[in-house]
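> Okay, here's what each chain looks like letter by letter:
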Amino acid sequence: MGDKKNQQFLDRVEALHVTVKEHFGDLLESSALYVGDITLEVLPQNLINVMEVLRDDPAFMFSQLIDLCGVDYAAYGQSEWEIDGALNEGFSRGTSDVGLSEGQERRFAVVYHLLSVSLNQRIRIKVFVDSETLAVDSVVPVWPGANWFEREAFDLFGILFTGHPDLRRILTDYGFVGFPFRKDFPLIGHVEMRYDEDRGRVIYEPVSIEPRVLVPKVIRNDHRYVNDEENVDNV
Amino acid sequence: MNLTHDFSPTPEVDLASGKYVKIWHGPQHPGITGNMSLELTLCGDEIVNCKTHVGYLHRGFEKLMERRTYIQNFPLVCRIAVPEPTFNEYLYSAGIEDLAGIEVPELAKWLRCLNLELMRLGSFLMWLGGASGAFGMSTVYQWTVTHRDYILDLFEEMTGARIYHMYISPGGVRAPLPDGFKDRCLMVMKKVEKLLYEVETTVLNNAVFKKRAIGLGVISSDMVDAYGVTGPNQRAAGYARDTRKDSPYLVYEQLDFDVITATGSDAFDRTIVRYQEMHQCVSLIRQMLDRMPTDGAFHTPTPNVLHWKIPAGETYVKAECTRGEYGYYIETDGSEYVRRVHIRGPSYTHAIAVMEKLVIGANIADVAGLMVSLHTYPPEIER
Numbered sequence: 248m249g250d251k252k253n254q255q256f257l258d259r260v261e262a263l264h265v266t267v268k269e270h271f272g273d274l275l276e277s278s279a280l281y282v283g284d285i286t287l288e289v290l291p292q293n294l295i296n297v298m299e300v301l302r303d304d305p306a307f308m309f310s311q312l313i314d315l316c317g318v319d320y321a322a323y324g325q326s327e328w329e330i331d332g333a334l335n336e337g338f339s340r341g342t343s344d345v346g347l348s349e350g351q352e353r354r355f356a357v358v359y360h361l362l363s364v365s366l367n368q369r370i371r372i373k374v375f376v377d378s379e380t381l382a383v384d385s386v387v388p389v390w391p392g393a394n395w396f397e398r399e400a401f402d403l404f405g406i407l408f409t410g411h412p413d414l415r416r417i418l419t420d421y422g423f424v425g426f427p428f429r430k431d432f433p434l435i436g437h438v439e440m441r442y443d444e445d446r447g448r449v450i451y452e453p454v455s456i457e458p459r460v461l462v463p464k465v466i467r468n469d470h471r472y473v474n475d476e477e478n479v480d481n482v
Numbered sequence: 528m529n530l531t532h533d534f535s536p537t538p539e540v541d542l543a544s545g546k547y548v549k550i551w552h553g554p555q556h557p558g559i560t561g562n563m564s565l566e567l568t569l570c571g572d573e574i575v576n577c578k579t580h581v582g583y584l585h586r587g588f589e590k591l592m593e594r595r596t597y598i599q600n601f602p603l604v605c606r607i608a609v610p611e612p613t614f615n616e617y618l619y620s621a622g623i624e625d626l627a628g629i630e631v632p633e634l635a636k637w638l639r640c641l642n643l644e645l646m647r648l649g650s651f652l653m654w655l656g657g658a659s660g661a662f663g664m665s666t667v668y669q670w671t672v673t674h675r676d677y678i679l680d681l682f683e684e685m686t687g688a689r690i691y692h693m694y695i696s697p698g699g700v701r702a703p704l705p706d707g708f709k710d711r712c713l714m715v716m717k718k719v720e721k722l723l724y725e726v727e728t729t730v731l732n733n734a735v736f737k738k739r740a741i742g743l744g745v746i747s748s749d750m751v752d753a754y755g756v757t758g759p760n761q762r763a764a765g766y767a768r769d770t771r772k773d774s775p776y777l778v779y780e781q782l783d784f785d786v787i788t789a790t791g792s793d794a795f796d797r798t799i800v801r802y803q804e805m806h807q808c809v810s811l812i813r814q815m816l817d818r819m820p821t822d823g824a825f826h827t828p829t830p831n832v833l834h835w836k837i838p839a840g841e842t843y844v845k846a847e848c849t850r851g852e853y854g855y856y857i858e859t860d861g862s863e864y865v866r867r868v869h870i871r872g873p874s875y876t877h878a879i880a881v882m883e884k885l886v887i888g889a890n891i892a893d894v895a896g897l898m899v900s901l902h903t904y905p906p907e908i909e910r
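Those protein sequences? They're chains A and B, same order as listed.
Quick note, the working numbering runs 247 ahead of the 1-based positions in the first sequence.
Quick note, the working numbering runs 527 ahead of the 1-based positions in the second sequence.
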C-alpha cells in the first residue's frame, strides 16, 4: 500500500495500459488494470512473440523477469466450509473434497512479472496452459534467469516448459511423486518419512494422519457484529 | 539485447581423467545461514563447474497459506525468513489491504517504516558479522551480533517479541510505541554508529580483506538484467535502483536519503554498498523518530476477521529488503481463503542462478566469502 495510491503513478500505469493495448491489439486475450497492476492475458502460442517485444521495444524495455509462478484455478471461488451460517455449536468438519472437475479447461496458468529497470514500470503477463498437454513455451531464451523459476513451477504444479534446458525438480525431495501445489494434493501429503532401524535407512510410508480441512471449531456470533450491517469492527 | 556473458551451461568435465575432484560444499557450511549445497568440481584449488542444490528447507508456506483464513496467515508469514520477518508481515498486510481496499492510518505507516528500518539494520549487522567471519575475522562477528541484540531489545519493547514480531497486521500495527522508546532507540543508534566506524578500520581497511574481496565474483551488467539481480548486488554494479525510491511506499517519500551505488560490482564493492546503507539506516531511523506523529490511531477498523472474504482480484506488492526486491503476488478468488500467494525472494535468483555462474574460476577458499557477499538466505529461496 502507499505506492499504488499515488496519482502520478496511477496516471503512468494507465498510459502504459493504453500503449500496450494499442501495440499488441489482437495478440492479447484480455487486459485489465486492477489496484495499480496491469495484467495481460496472452495465448500460449503468442507468448514468446509478446515477451520479446516487451523486452526489446523502446516503449516497454522490460529487461528483467522479476517473478514467475504457477497458479491452479481448480475449484475457483469455492469454500470448503461455510462461515456465514455459523452458530454457537460451530461448524461441522469440512471435507477435503472441494468438487474438482476432471479435465477443467483453463485450470493452470503461469504468471510472469516483468520490470523495466530503465523506465521504472511493471507489468504482469498471464498464460493459461493447454489442459491436454500442460505445456507452454519456455522463456529461458528471453530471460536466462527464468530457468530456475520454471523448474519451480514444474516441480510444484507439473507444468511443462517446452524448450527448457534442464527441467528437473528443484524444491521437493529427490524421487518425489506428485505435484504438491495442485489443489487436489492434500496438505499433509501422501507419504511420511521415518528412520527404519532394521533396514538402517530412512524410509517413506503412507501417511498415518487422516486428511482433513482446517476449520475453526467454534465461531460464535460476536455481539459486536450482530447489529452491524457492514460487519465493521470498531476496535 | 547484446549479451557478452556466456549463458550456456558450463561443459561437463571428464571425472575419470583423475584431474578433477568433485566435492559437496554444504548443506551445512560456512557462508550463509541456512542449508543449501554446492556441488563443486575442482581442478586443484580452482572451481571448474558448479551445480546448486536447494530444497533442504522447503516447508510449503505458500500451500499452507492457501488453506488458512486471512487472519490465520498473519502469524504464519513472519516465519518465512528468520532474519527479516517484518518484510513478510508488511508485504502480506499491504497486499491484503490493496485487495480489500483498507486505508492505513498515518501513525501506522510511520511505525511500520520504523520497524522495517530497524529490521534492516539488524539484518545487515548479522550479515556484516558473517561476512567478516567468512574472510577470517570472526571477532567482528561477536561485536556485530552483540549490537544486533540491542536492536532485538528494542523490538521486544516495541512489539513484545524479539524475532517473530507479528507486529504489522492487515489494517495497521498491533501497538503504539512505549514511553521513552525514542531515547533508548537513539542510544542504540549511537552505539551502532560507533561500531560501524570500528568495523571500517578493522574490516574495510584491512589489507587481507581487500586482497581477497577485490575482484571476487564480478556480476556483469548483462547478468544483472538476464538473471533479475536486485538490491545492493545491483546497486554495486552501478544501477541506481531502489524500490524505496522508484515506487515509494509507506513514508519513504517524506524521508531524505540517496540511492547508494558503486561501480566495481565485486565482493568488496557490495560490502561497501551495504556498509553505507547501514549508515543510511541509522540516518533514516533518526529522521523517523524525529518527525513521527506521537498520537493518533495505529490500527484501522477491519471487517470481522473470522468472516472475512476478500473480493476476487490479484496484486503484486514489493519492498526493498536488505537483499533486494522482496515481492508478494497475492491472488484472491472471493472465498475466505487466498487462491495463491507467491513469494519472490531476491535470494532465489542470487543464490541459485548468479552463484552458479560466479564461482566458476574462483578459489575453493573464497566460496564462503563469495556466498556471503551475495547476501543470500535459503529459507526465503524455498519458502
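No wet-lab data here; the hints were simulated from the structure.
It should be emphasised that the depicted structure is a prediction, and the values quoted were computed from it without experimental measurement.
Quick reminder that beta carbons are idealized off the backbone N, C-alpha and C, glycines included.
Some hints here could point you the wrong way.
Derived contacts from chain A toward chain B, CB cut-off under 10 angstroms, selection only [unchecked claim]: (1) Pro-291; (2) Asn-293; (3) Val-318; (4) Val-364; (5) Phe-375; (6) Thr-419.
> Could you run down the list of hints and mark each one as holding or not?
Cross-check of the supplied hints:
no.: 1; hint: Pro-291; verdict: 19 angstroms, violated
no.: 2; hint: Asn-293; verdict: 20 angstroms, violated
no.: 3; hint: Val-318; verdict: 5 angstroms, holds
no.: 4; hint: Val-364; verdict: 6 angstroms, holds
no.: 5; hint: Phe-375; verdict: 14 angstroms, violated
no.: 6; hint: Thr-419; verdict: 6 angstroms, holds
The structure is inconsistent with the numbered hints 1, 2 and 5, although it conforms to all the rest.
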